[in-house]
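**Student:** Chain by chain, the residues run as shown.
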Amino acid sequence: MNFPVWNVVFGADLLIAMVAILHVFVSHFAVGGGLFLVVTEHRARRKNDTALLGWLKAHTKFFVLVTAVFGAISGVGIWFTIGLIGPTATSNLIHIFVWAWAIEWVFFFLEITAALLYLYGWNKLEPRLHEWYGWVYFVAAYASMIVINGMITFMLTPGRWVKNHQIWQGFFNPTYFPSLAFRTAIALALAGVYALITASVQKDAALKARIVRWSACWIVPSLAVLPVLGWWYIHRLPADVWTSARGGMPTATHFALFAVALLSVTFALALLTLVRPGRMHLAFSLLVALVALGAMGSFEFVRESVRLPYVISNYLYANSLYSKPIAGDGGFSVDQVTAAGVLHSAKWIDIRTLTLNDQVAAGHEIFRVDCQSCHTTSAYRSMKRFIQMRQWDQAKIAAMLGGLEFMHNNVMPPFAGTDAERAALAAYLTTIYPVSAAAASAATDGRTVFAQNCSMCHRVSAADPLFMNLSRDPAIAAESLSDLTSLFPLMPHMKLGIRQRVALVEWIDAQRSAKGFSGAAQGEK
Amino acid sequence: MLIQSSLIPAADPNPLPAPYWVFELFLIATFVLHIVAMNFMLGGGVLALASKWRAKNRENGNRVFLDIAKKLPIFLPATVSLGIAPLLFVQVLYGQFFYTSSILMAWPWFLVLVLLVIAYYGFYYVSYRGGKSMGKAGGVLLGSTILVFVIGFLFSNNITLSQTPSRWGAKYFASASGWHLNLTEPTLIPRFLHFFAAAVALGGLLLVFMALANWKRDREYAGQLLHFGGKAFMYATMAQIVVGIVFLVSLPQAMRMVFMGANLVATTLLMVGILGAIVAIFLMSEALHSENIRAAAYYVPAIVAVVIVSMSIMRDLLRNAYLKPYFHPEQFAVKTQWSVLPLFLGIFAAGVIFWLVMIGRYGLPGGRRHSA
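Chains A and B, in that order, give the protein sequences. In terms of this note's numbering, the first sequence opens at residue 1 and continues consecutively. In terms of this note's numbering, the second sequence opens at residue 1 and continues consecutively.
In short, the hints are calculated from the structure, not lab data. Glycine is no exception: its CB is placed at the ideal position from the N, C-alpha and C atoms. Treat the hints with caution; some may be incorrect.
Going by beta-carbon spacing under 10 Å, a handful of chain A positions derived as facing chain B [what the hints assert, rightly or not]:
| # | residue |
| --- | --- |
| 1 | Thr113 |
| 2 | Leu125 |
| 3 | Val162 |
| 4 | Gln166 |
| 5 | Asp204 |
| 6 | Ile326 |
| 7 | Ile432 |
| 8 | Tyr433 |
| 9 | Val435 |
| 10 | Ala439 |
Below, in silico cross-link-like pairs of lysine-lysine (DSSO-like), each with a Cα-Cα straight-line distance of 30 Å or less [claimed, not checked]:
| # | chain 1 | residue 1 | chain 2 | residue 2 |
| --- | --- | --- | --- | --- |
| 11 | A | Lys124 | B | Lys136 |
| 12 | A | Lys347 | B | Lys335 |
| 13 | A | Lys57 | B | Lys335 |
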């Protein structure tokens with residue numbers, strides 16, 4: 001609201017994700033691959049393995065072309081992209097951590113220089129000095145990861161920084177060390193994964209076999225420790241955050257499954273290379289890389305999604321609103337915007353007063369500043385798909401907008417704006433995929449009624465308040481559901497017909513007995 | 001329509017982690033380094049192409065071409081890495097303006113990265129394969145150089161747009177899809193040409209440095225480099241004086257006056273810049289006549305360094321003049337991060353020393369080589 005919102009038709013956060021995933025896949029290679037180069041060089045020289053050295057020279061070229069070119073530029077690319085899509089968050093991260101970024105820049109500069117000298121030095125430098133450049137490269141690259149890791153983990157778990165704004169507490173936050181260990185293991189594994197690619201095009205079968213075995217030594221153990229490190233990482237997260245990946249939120253849950261599956265496949269493929277190492281084909285090595293990319297991408301997706309609704313947890317929402325008013329926030333906290341109204345708070349809005357005539361146009365503007373950082377109208381995470389799936393008419397949308405913050409394990413900020421603005425937003429959203437009032441209340445089986453009206457906030461689980469607290473007497477239960485707000489004041493204000501209520505209650509009871517949610521689950525939430 | 005100043009985003013709520021002038025200093029200092037590297041890259045690319053296509057002696061032309069082309073894969077990452085620092089500091093001080101203008105031209109701005117990657121691979125291609133197929137190498141280098149040229153133009157668009165908030169509203173409310181440029185800005189072309197002419201001039205100096213490196217080893221070749229580079233420097237700088245004046249004239253009255261008496265520092269710097277350029281041209285012409293490599297490779301660059309620094313400070317003064325209605329350095333709350341700043345300064349100093357050691361051990365730029 002403070003900055004203009006760039007309208008990325010296919011999804012702003014999808015664009016960030018694409019740039020970020022490609023970048024991390026290369027930048028972790030840039031770290032692990034550096035160690036791989038110098039250790040391999042040392043080994044080859046000790047064993048006088050000139051064939052291996054010859055390959056390593058070519059591999060260095062590949063390494064520099066991938067990391068120093070694509071890796072470095074895509075790293076700047078992340079800066080560009082988050083600045084375009086989340087300027088408020090970027091500005092905050094830069095102001096809080098300028099000196100850390102500046103430190104990182106020093107390491108980055110040394111890293112790039114060392115990479116080039118190591119590459120060009122293959123033909124010019126004596127072995128000891130050449131290896132020295134390799135070590136300088138690796139140390140600088142790792143140092144830059146040590147710094148960046150602080151800022152990345154800060155966003156998810158800023159820890160006590162939120163209270164006291166002590167930069168070091170934000171930097172060495174609760175997930176700092178597990179994340180560093182996790183990323184180190186990934187970096188080492190990727191060093192092997194990329195080495196397979198250049199190994200696969202070697203003609204000399206014996207040499208190829210040596211390289212493939214050696215690469216597997218990097219991949220297999222690193223991947224083997226990942227589950228432990230992942231466990232450590234997850235246990236440093238606040239429990240409710242991790243719930244998102246355990247069914248609470250579709251995106252995070254799906255990608256957590258992908259990550260685990262693809263990591264296992266990478267592991268299996270890495271072992272498979274050992275069966276006939278001398279005959280590994282380029283296509284196979286690319287397959288390994290592709291699967292690893294998928295795994296890495298999924299992991300990043302999970303990390304980004306469990307952080308929602310925040311960009312910086314407990315501080316700044318993804319739609320650039322502060323979660324609580326703070327000094328100098330320019331009025332851009334949820335509470336202030338709700339009190340003053342979006343149309344009077346946001347700077348980059350063309351409609352300042354709300355009339356019935358331009359309700360839809362105003363709703364569109366509200367959508368842009370409130371929701372578009374995470375949603376599109378009809379592409380990624382689209383309103384069209386949701387409304388179609390849930391069959392919501394305008395009244396229901398308006399009611400649901402009042403409880404966004406409860407949906408899918410609280411992945412959304414609360415709607416910020418006045419009641420009239422909420423109605424305008426509902427009017428706009430209806431135009432994206434119009435549903436009639438009749439269609440909205442057409443469902444008669446309990447399962448669909450639940451899916452359309454309750455499933456975004458309630459899960460089928462013994463611990464869910466719905467399954468826990470809804471009366472077990474069908475008549476009383478059906479009666480109590482005629483007014484949701486009396487059950488819990490913040491539930492959406494919507495009216496279900498008696499037939500829908502009865503069907504719903506029946507289905508709920510069936511679930512309870514089928515899944516064995518006993519009355520004993522009552523009490524503790 | 002709205003009052004434009006209501007569009008200007010509020011400043012970041014976090015206090016500045018060091019006084020304003022510290023950032024200003026780092027911003028200008030790192031910008032100078034960035035722009036020099038950029039000039040070597042762009043100017044080098046242009047002169048490599050010129051030597052290939054204009055040289056009377058084809059073989060010589062190709063040799064110069066390849067010699068420069070081999071350095072471009074170094075100047076590009078140098079430009080990028082040295083650009084990260086000013087990019088960081090500009091966001092610290094001027095984020096309100098810089099993010100906004102970037103968002104208005106989001107796609108072209110994003111495209112910079114794509115173009116950069118392509119240009120970079122092009123440079124590498126030429127440096128590795130150039131010797132084998134000269135024709136193709138020329139085409140690829142031309143492509144990469146054009147890309148770099150376009151990137152520079154996009155930067156000029158963004159910087160000018162960030163300094164003219166009065167243009168923002170009309171653009172954004174016409175379309176939020178991020179396809180705007182700042183083409184109607186009268187200073188855009190002169191400003192960009194100002195940078196481009198500087199790039200060609202510095203490209204000329206790059207050749208002079210290459211002449212210096214070859215002076216003892218291969219005098220004839222070095223002489224060619226010196227003359228070609230020296231002339232390029234002179235002509236580009238002469239053109240620069242004209243372009244600079246056009247740029248000055250294209251500025252709005254109030255900004256122009258900053259450099260013409262209203263601000264003493266700015267006026268002095270402009271004088272230093274113009275005089276420096278003139279002296280450098282004469283000195284270079286003398287050096288070419290007398291084949292005086294010392295004058296060409298030491299004295300002229302020394303003067304040019306002074307000119308570049310004054311121009312960079314002027315650039316900053318110009319920005320603040322543009323932003324005067326909306327931005328005041330006093331607007332910032334300052335809370336110096338004493339627990340990190342010294343750490344940075346220490347690492348920075350150590351990094352510079354270590355970097356020199358790294359370059360020194362490699363044997364650059366004296367050409368001391370270890371046998372393989």
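**Student:** A separate judgement is required for each hint: does it hold in the structure or not?
**Tutor:** Comparing the hints with the structure gives:
1. Thr113: Interface hint status for threonine 113 of chain A: holds (6 Å vs cutoff 10 Å).
2. Leu125: holds (5 Å)
3. Val162: violated (13 Å)
4. Gln166: Because about 8 Å separates glutamine 166 of chain A from the closest Cβ in chain B, which is inside the 10 Å limit, the hint holds.
5. Asp204: violated (22 Å)
6. Ile326: Isoleucine 326 of chain A check passes; min Cβ-Cβ to chain B is 6 Å, inside 10 Å.
7. Ile432: This interface hint is violated because 17 Å lies over the 10 Å limit.
8. Tyr433: Not OK, violated: tyrosine 433 of chain A not within 10 Å of chain B, min 22 Å.
9. Val435: violated (27 Å)
10. Ala439: violated (32 Å)
11. A:Lys124 <-> B:Lys136: holds (28 Å)
12. A:Lys347 <-> B:Lys335: Distance of about 28 Å is within 30 Å: holds.
13. A:Lys57 <-> B:Lys335: violated (49 Å)
Comparing the model with each earlier hint shows violations of hints 3, 5, 7, 8, 9, 10, 13; every other hint is respected.
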